[in-house]
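Build out the structure end to end from the sequences listed, making use of the hints.
One point on numbering: in our numbering, the residue at position 220 of the sequence shown is 220, and numbering is uninterrupted.
I should point out that these hints are in silico values taken from the structure, not numbers from a laboratory. As the structure is a computational prediction, the values presented were derived from the model and not from experiment. There could be a bad hint or two in this list.
What the hints assert, rightly or not - Within a straight-line C-alpha distance of at most 20 angstroms, the following computed SDA-like cross-link-like pairs (lysine to any residue) qualify:
1. Lys77 <-> Gln26
2. Lys167 <-> Asp233
3. Lys258 <-> Glu247
4. Lys119 <-> Leu129
5. Lys138 <-> Thr19
6. Lys172 <-> Val246
7. Lys77 <-> Asn23
8. Lys45 <-> Asn34
9. Lys131 <-> Ala76
10. Lys77 <-> Leu20
11. Lys45 <-> Met264
12. Lys213 <-> Phe252
13. Lys37 <-> Asn23
14. Lys138 <-> Thr153
15. Lys56 <-> Glu228
16. Lys31 <-> Ala76
17. Lys100 <-> Ser60
18. Lys172 <-> Asp157
19. Lys218 <-> Thr259
20. Lys100 <-> Tyr126
21. Lys275 <-> Met264
22. Lys100 <-> Thr44
23. Lys56 <-> Glu247
24. Lys218 <-> Asp157
25. Lys258 <-> Met282
26. Lys275 <-> Thr259
27. Lys236 <-> Arg18
28. Lys119 <-> Tyr57
29. Lys216 <-> Met264
30. Lys274 <-> Thr44
Claimed, not checked - Pair ranges (Cβ atoms, derived):
31. His159 <-> Arg35: 41 to 47 angstroms
32. Arg219 <-> Glu240: 43 to 49 angstroms
33. Lys248 <-> Lys167: 31 to 37 angstroms
Where is the CB? At the ideal position from N, CA and C, for every residue including glycine.
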Amino acid sequence: ESATVLKDYGESDFTTDRTLSNNFHQTVTEKLMNRHKLSSNLRTKMVDWMCEVMSKYNCSGETFFLSISVMDLFIAKTPRILTNNEIHLLGMVSMFVASKFEEVRPIYFKYLVEDIGHKAYPAEHYLMLEKELLNTIKIENLVESSTYEFLKTFFFDLHENNKNDIKLPIDKKFFEYVRETAVFLSKVLAHFDSAYSNDYCEKAIGCISAGFKIVKEKRPNVVTPENESYFHDWEKFLCEQNGFNVEKMQVFASQIVKTFNDYMSYKGISYNLKKYFPLSYMKFKRPSMV
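Spelled out as C-alpha coordinates, the structure:
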(Lines of atoms letter the chains of each structure in order from A and count residues from 1; the text may use other names and numbers.)
(Lines give C-alpha, C1' and ligand atoms only; values in the text may rest on other atoms or scores of the structure.)
Protein backbone atom coordinates (compact mmCIF):
# COMPACT_ATOMS: atom_id res chain seq x y z
CA GLU A 1 0.00 0.00 0.00
CA SER A 2 1.14 3.58 -0.52
CA ALA A 3 1.90 5.78 2.47
CA THR A 4 -1.24 7.84 1.79
CA VAL A 5 -3.48 4.79 1.75
CA LEU A 6 -1.97 3.47 4.97
CA LYS A 7 -2.27 6.85 6.65
CA ASP A 8 -5.92 7.39 5.73
CA TYR A 9 -7.22 3.83 5.74
CA GLY A 10 -4.65 1.93 7.77
CA GLU A 11 -7.00 0.48 10.38
CA SER A 12 -9.58 -0.85 7.91
CA ASP A 13 -6.81 -2.01 5.60
CA PHE A 14 -5.21 -3.98 8.43
CA THR A 15 -8.57 -5.54 9.32
CA THR A 16 -8.99 -6.60 5.70
CA ASP A 17 -5.50 -8.12 5.70
CA ARG A 18 -6.35 -10.15 8.81
CA THR A 19 -9.57 -11.41 7.21
CA LEU A 20 -7.81 -12.34 3.95
CA SER A 21 -5.04 -14.06 5.86
CA ASN A 22 -7.46 -16.11 7.96
CA ASN A 23 -9.47 -17.16 4.91
CA PHE A 24 -6.35 -18.13 2.98
CA HIS A 25 -4.89 -20.22 5.79
CA GLN A 26 -8.13 -22.11 6.23
CA THR A 27 -7.51 -23.47 2.72
CA VAL A 28 -3.73 -23.51 2.38
CA THR A 29 -1.98 -25.28 5.25
CA GLU A 30 1.39 -26.93 5.77
CA LYS A 31 -0.27 -30.13 4.50
CA LEU A 32 -1.03 -28.72 1.05
CA MET A 33 1.40 -31.13 -0.67
CA ASN A 34 0.23 -34.29 1.09
CA ARG A 35 -2.36 -35.57 -1.37
CA HIS A 36 -0.25 -34.79 -4.44
CA LYS A 37 2.72 -36.50 -5.99
CA LEU A 38 4.70 -33.29 -5.57
CA SER A 39 8.03 -32.95 -3.81
CA SER A 40 8.42 -30.20 -1.20
CA ASN A 41 12.05 -29.88 -2.25
CA LEU A 42 10.97 -29.30 -5.84
CA ARG A 43 8.55 -26.59 -4.70
CA THR A 44 11.45 -24.92 -2.83
CA LYS A 45 13.57 -25.00 -5.99
CA MET A 46 10.64 -23.59 -7.94
CA VAL A 47 10.28 -20.63 -5.58
CA ASP A 48 14.03 -20.03 -5.83
CA TRP A 49 13.75 -19.94 -9.62
CA MET A 50 10.71 -17.65 -9.43
CA CYS A 51 12.91 -15.19 -7.47
CA GLU A 52 15.26 -15.04 -10.43
CA VAL A 53 12.54 -14.62 -13.04
CA MET A 54 10.64 -11.90 -11.18
CA SER A 55 13.83 -10.01 -10.40
CA LYS A 56 14.82 -10.09 -14.06
CA TYR A 57 11.46 -8.57 -14.99
CA ASN A 58 11.58 -6.05 -12.12
CA CYS A 59 8.45 -7.39 -10.48
CA SER A 60 7.46 -6.01 -7.10
CA GLY A 61 7.47 -7.74 -3.75
CA GLU A 62 3.69 -7.87 -3.98
CA THR A 63 3.93 -9.82 -7.24
CA PHE A 64 6.45 -12.24 -5.73
CA PHE A 65 4.18 -13.12 -2.82
CA LEU A 66 1.01 -13.20 -4.91
CA SER A 67 2.67 -15.58 -7.38
CA ILE A 68 3.42 -18.04 -4.60
CA SER A 69 -0.06 -17.64 -3.09
CA VAL A 70 -1.66 -18.33 -6.48
CA MET A 71 0.49 -21.41 -7.03
CA ASP A 72 -0.15 -22.81 -3.55
CA LEU A 73 -3.87 -22.01 -3.60
CA PHE A 74 -4.20 -23.97 -6.83
CA ILE A 75 -2.26 -26.88 -5.32
CA ALA A 76 -4.58 -26.82 -2.31
CA LYS A 77 -7.86 -26.51 -4.23
CA THR A 78 -7.46 -28.42 -7.47
CA PRO A 79 -9.31 -31.76 -7.54
CA ARG A 80 -6.51 -33.19 -9.68
CA ILE A 81 -3.51 -35.03 -8.27
CA LEU A 82 -0.51 -33.02 -9.39
CA THR A 83 2.89 -34.49 -10.18
CA ASN A 84 6.42 -33.09 -10.17
CA ASN A 85 6.48 -32.58 -13.93
CA GLU A 86 3.64 -30.03 -13.64
CA ILE A 87 5.24 -27.63 -11.15
CA HIS A 88 7.34 -25.74 -13.72
CA LEU A 89 4.39 -24.77 -15.92
CA LEU A 90 2.27 -24.01 -12.85
CA GLY A 91 4.93 -21.69 -11.43
CA MET A 92 5.22 -19.81 -14.73
CA VAL A 93 1.47 -19.38 -15.10
CA SER A 94 1.21 -18.24 -11.47
CA MET A 95 3.81 -15.52 -12.10
CA PHE A 96 2.02 -14.51 -15.30
CA VAL A 97 -1.34 -14.16 -13.53
CA ALA A 98 0.14 -12.30 -10.54
CA SER A 99 2.05 -9.87 -12.74
CA LYS A 100 -1.13 -9.01 -14.67
CA PHE A 101 -2.85 -8.28 -11.37
CA GLU A 102 -0.08 -6.29 -9.67
CA GLU A 103 2.21 -4.76 -12.29
CA VAL A 104 1.70 -1.71 -14.50
CA ARG A 105 3.74 -3.57 -17.12
CA PRO A 106 3.05 -7.27 -16.62
CA ILE A 107 5.15 -10.09 -18.00
CA TYR A 108 4.31 -10.29 -21.70
CA PHE A 109 2.94 -13.59 -22.92
CA LYS A 110 5.57 -13.74 -25.67
CA TYR A 111 8.35 -13.47 -23.06
CA LEU A 112 6.65 -16.09 -20.91
CA VAL A 113 6.59 -18.65 -23.72
CA GLU A 114 9.87 -17.89 -25.45
CA ASP A 115 12.25 -16.44 -22.84
CA ILE A 116 11.06 -17.76 -19.49
CA GLY A 117 9.70 -21.07 -20.73
CA HIS A 118 12.32 -21.47 -23.52
CA LYS A 119 9.56 -22.80 -25.80
CA ALA A 120 9.39 -25.99 -23.75
CA TYR A 121 5.58 -25.87 -23.82
CA PRO A 122 3.18 -24.90 -26.63
CA ALA A 123 1.52 -21.52 -26.09
CA GLU A 124 -1.89 -23.11 -25.68
CA HIS A 125 -0.68 -25.09 -22.65
CA TYR A 126 -0.12 -21.84 -20.75
CA LEU A 127 -3.56 -20.55 -21.69
CA MET A 128 -5.29 -23.80 -20.78
CA LEU A 129 -3.64 -23.90 -17.38
CA GLU A 130 -4.34 -20.21 -16.76
CA LYS A 131 -8.04 -20.82 -17.39
CA GLU A 132 -8.05 -23.90 -15.16
CA LEU A 133 -6.17 -22.05 -12.42
CA LEU A 134 -8.52 -19.06 -12.35
CA ASN A 135 -11.60 -21.29 -12.43
CA THR A 136 -10.16 -23.29 -9.52
CA ILE A 137 -8.97 -20.55 -7.18
CA LYS A 138 -11.65 -18.01 -8.26
CA ILE A 139 -10.51 -14.61 -9.49
CA GLU A 140 -11.62 -12.79 -6.31
CA ASN A 141 -8.88 -14.65 -4.43
CA LEU A 142 -6.28 -12.65 -6.32
CA VAL A 143 -7.01 -9.95 -3.75
CA GLU A 144 -4.66 -11.50 -1.24
CA SER A 145 -2.69 -10.56 1.83
CA SER A 146 0.84 -11.74 2.62
CA THR A 147 3.56 -11.58 5.25
CA TYR A 148 5.01 -8.74 3.19
CA GLU A 149 1.79 -6.72 3.45
CA PHE A 150 1.79 -7.03 7.23
CA LEU A 151 5.45 -6.01 7.39
CA LYS A 152 4.80 -2.89 5.33
CA THR A 153 1.90 -1.94 7.58
CA PHE A 154 3.80 -2.54 10.82
CA PHE A 155 6.88 -0.54 9.78
CA PHE A 156 4.85 2.31 8.32
CA ASP A 157 2.84 2.51 11.53
CA LEU A 158 6.03 2.44 13.60
CA HIS A 159 7.58 5.39 11.79
CA GLU A 160 4.39 7.37 11.24
CA ASN A 161 3.39 7.26 14.89
CA ASN A 162 6.87 7.61 16.39
CA LYS A 163 8.46 10.35 14.33
CA ASN A 164 9.47 12.33 17.39
CA ASP A 165 11.12 9.32 19.04
CA ILE A 166 13.02 7.92 16.04
CA LYS A 167 15.26 10.83 15.06
CA LEU A 168 18.93 9.96 15.10
CA PRO A 169 20.63 8.56 11.99
CA ILE A 170 21.73 5.52 13.99
CA ASP A 171 18.11 4.86 15.00
CA LYS A 172 16.92 5.08 11.40
CA LYS A 173 19.72 2.82 10.26
CA PHE A 174 18.90 0.34 13.02
CA PHE A 175 15.22 0.13 12.11
CA GLU A 176 16.04 0.01 8.40
CA TYR A 177 18.35 -2.95 9.02
CA VAL A 178 15.61 -4.71 10.98
CA ARG A 179 13.04 -3.95 8.26
CA GLU A 180 15.34 -5.10 5.46
CA THR A 181 16.16 -8.30 7.32
CA ALA A 182 12.51 -9.01 8.19
CA VAL A 183 11.49 -8.67 4.52
CA PHE A 184 14.34 -10.96 3.48
CA LEU A 185 13.28 -13.53 6.09
CA SER A 186 9.67 -13.39 4.89
CA LYS A 187 10.88 -14.33 1.41
CA VAL A 188 13.02 -17.13 2.82
CA LEU A 189 9.96 -18.56 4.61
CA ALA A 190 8.02 -18.49 1.34
CA HIS A 191 10.39 -21.16 0.02
CA PHE A 192 9.07 -23.75 2.47
CA ASP A 193 5.51 -25.08 2.49
CA SER A 194 5.93 -25.95 6.18
CA ALA A 195 5.75 -22.19 6.89
CA TYR A 196 1.98 -22.34 6.37
CA SER A 197 1.69 -23.64 9.93
CA ASN A 198 1.69 -19.94 10.92
CA ASP A 199 -0.52 -17.22 9.47
CA TYR A 200 0.80 -14.10 7.75
CA CYS A 201 0.46 -11.78 10.74
CA GLU A 202 2.30 -14.16 13.05
CA LYS A 203 5.04 -14.70 10.46
CA ALA A 204 5.46 -10.94 10.01
CA ILE A 205 5.97 -10.34 13.75
CA GLY A 206 8.20 -13.42 13.92
CA CYS A 207 10.32 -12.08 11.05
CA ILE A 208 10.64 -8.72 12.81
CA SER A 209 11.80 -10.43 16.02
CA ALA A 210 14.15 -12.72 14.09
CA GLY A 211 15.41 -9.75 12.09
CA PHE A 212 16.42 -8.04 15.32
CA LYS A 213 18.30 -11.16 16.44
CA ILE A 214 20.27 -11.25 13.19
CA VAL A 215 20.99 -7.50 13.18
CA LYS A 216 22.20 -7.70 16.80
CA GLU A 217 24.56 -10.51 15.83
CA LYS A 218 25.82 -9.05 12.54
CA ARG A 219 25.80 -5.30 13.34
CA PRO A 220 26.01 -4.94 17.12
CA ASN A 221 27.26 -1.36 16.72
CA VAL A 222 23.75 -0.15 15.76
CA VAL A 223 22.00 -1.99 18.62
CA THR A 224 22.37 0.52 21.43
CA PRO A 225 20.66 -0.11 24.80
CA GLU A 226 18.13 2.58 23.85
CA ASN A 227 17.40 0.99 20.47
CA GLU A 228 17.07 -2.46 22.01
CA SER A 229 14.69 -1.24 24.72
CA TYR A 230 12.61 0.67 22.17
CA PHE A 231 12.48 -2.33 19.89
CA HIS A 232 11.35 -4.73 22.61
CA ASP A 233 8.58 -2.33 23.64
CA TRP A 234 7.39 -2.29 20.02
CA GLU A 235 7.70 -6.06 19.76
CA LYS A 236 5.61 -6.49 22.90
CA PHE A 237 3.04 -4.04 21.57
CA LEU A 238 2.71 -5.95 18.27
CA CYS A 239 2.24 -9.24 20.09
CA GLU A 240 -0.33 -7.90 22.53
CA GLN A 241 -2.32 -6.06 19.87
CA ASN A 242 -2.53 -9.18 17.72
CA GLY A 243 -3.12 -11.76 20.44
CA PHE A 244 0.29 -13.46 20.46
CA ASN A 245 2.32 -14.53 23.48
CA VAL A 246 5.65 -12.69 23.63
CA GLU A 247 7.62 -15.68 24.93
CA LYS A 248 6.18 -18.00 22.29
CA MET A 249 6.97 -15.40 19.64
CA GLN A 250 10.60 -15.45 20.75
CA VAL A 251 10.68 -19.22 20.26
CA PHE A 252 9.12 -18.80 16.81
CA ALA A 253 11.67 -16.09 15.96
CA SER A 254 14.49 -18.48 16.86
CA GLN A 255 12.95 -21.07 14.54
CA ILE A 256 12.91 -18.48 11.74
CA VAL A 257 16.61 -17.75 12.33
CA LYS A 258 17.26 -21.48 12.04
CA THR A 259 15.26 -21.59 8.79
CA PHE A 260 17.38 -18.69 7.54
CA ASN A 261 20.58 -20.54 8.41
CA ASP A 262 19.25 -23.71 6.78
CA TYR A 263 18.42 -21.75 3.64
CA MET A 264 21.95 -20.43 3.49
CA SER A 265 23.25 -24.02 3.35
CA TYR A 266 20.38 -25.55 1.34
CA LYS A 267 21.68 -27.79 -1.42
CA GLY A 268 20.25 -27.89 -4.90
CA ILE A 269 19.11 -24.27 -5.31
CA SER A 270 20.83 -21.23 -6.83
CA TYR A 271 20.29 -18.82 -3.91
CA ASN A 272 18.56 -16.35 -6.19
CA LEU A 273 16.95 -14.64 -3.22
CA LYS A 274 20.39 -13.86 -1.84
CA LYS A 275 21.59 -12.76 -5.26
CA TYR A 276 18.76 -10.39 -6.07
CA PHE A 277 17.62 -9.26 -2.60
CA PRO A 278 20.89 -8.92 -0.64
CA LEU A 279 21.01 -7.48 2.85
CA SER A 280 23.06 -4.31 2.56
CA TYR A 281 24.97 -4.86 5.80
CA MET A 282 25.87 -8.53 5.34
CA LYS A 283 28.37 -10.24 3.11
CA PHE A 284 27.23 -13.70 2.11
CA LYS A 285 29.56 -16.45 1.05
CA ARG A 286 27.81 -19.03 -1.07
CA PRO A 287 27.92 -22.42 0.65
CA SER A 288 29.89 -25.20 -0.95
CA MET A 289 27.69 -27.45 -3.09
CA VAL A 290 30.01 -30.42 -2.53
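task = Sort out whether Glu228 lies within 20 angstroms of Lys56, counting only the CA atoms.
result = violated, 37 angstroms
task = Sort out whether Asp157 lies within 20 angstroms of Lys172, counting only the CA atoms.
result = holds, 14 angstroms
inquiry  = Taking 41 to 47 angstroms as the stated bounds, is the beta-carbon spacing between His159 and Arg35 within them?
reply    = holds, 44 angstroms
key: Hint consistency between Lys218 and Thr259 [alpha-carbon to alpha-carbon, up to 20 angstroms]   = holds, 17 angstroms
message = Please verify whether Lys138 and Thr19 have alpha carbons no more than 20 angstroms apart.
response = Given pair Lys138, Thr19 holds - Cα atoms ~17 angstroms apart, limit 20 angstroms.
key: Proposed proximity, Met264 with Lys45 (alpha carbon, max 20 angstroms)   = holds, 13 angstroms
query = Quick one: are Arg219 and Glu240 within 43 to 49 angstroms, going by C-beta?
reply = The hinted range 43 to 49 angstroms is violated for Arg219 and Glu240, with Cβ atoms some 28 angstroms apart.
request  = Mind checking the alpha carbons of Lys275 and Thr259 for me, to see if they're no more than 20 angstroms apart?
outcome  = holds, 18 angstroms
Lys138 paired with Thr153 [C-alpha distance capped at 20 angstroms] = violated, 26 angstroms
query = Quick one, are Lys77 and Gln26 close enough, alpha carbons at most 20 angstroms?
reply = Given that 20 angstroms is the threshold and the Cα spacing comes to 11 angstroms, the pair holds.
20 angstroms limit on alpha-carbon distance, applied to hinted pair Lys258 and Glu247 = holds, 17 angstroms
query = Straight-line Cα separation of Lys119 and Leu129 no greater than 20 angstroms?
reply = holds, 16 angstroms
The structure fails hints 6, 13, 14, 15, 22, 23, 24 and 32 (numbered hints given earlier, in ascending order).
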